[in-house]
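**Student:** Sequence:
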Amino acid sequence: MEKRYKYISKRHRIEETLNMRDLGHGIYLGVNMQRQIRWDETMEQTTSIVIPSDEIPNLIEYLQGILKDEK
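For reference, each letter of the sequence shown is one residue, going 1 to 71 in UniProt numbering.
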């Protein structure tokens, strides 16, 4: 899997990372969240999904619609 995109969001005690990788037959989207519970303890959670290549144009169209609505 070749890494294509990475985005990191940091808020108070929370760091979320979005990774996108090319699978050839689709794309892998993974979200990793790390939350500092106490100064010495961290909670980590990972969620992922594979989007097939034929669904990517629909996803892009939907996201573009959201951006247009926000303007």
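I should point out that these hints are in silico values taken from the structure, not numbers from a laboratory.
Among the hints, erroneous ones may be present.
[To be verified] Mimicking BS3-like on lysine-lysine, the simulated pairs with C-alpha atoms at most 30 Å apart in a straight line are:
hint, residue 1, residue 2
1, 68, 6
2, 3, 68
3, 10, 68
**Student:** Which hints from the list above does the structure break, by number from lowest to highest?
**Tutor:** Hint check: nothing fails, all pass.
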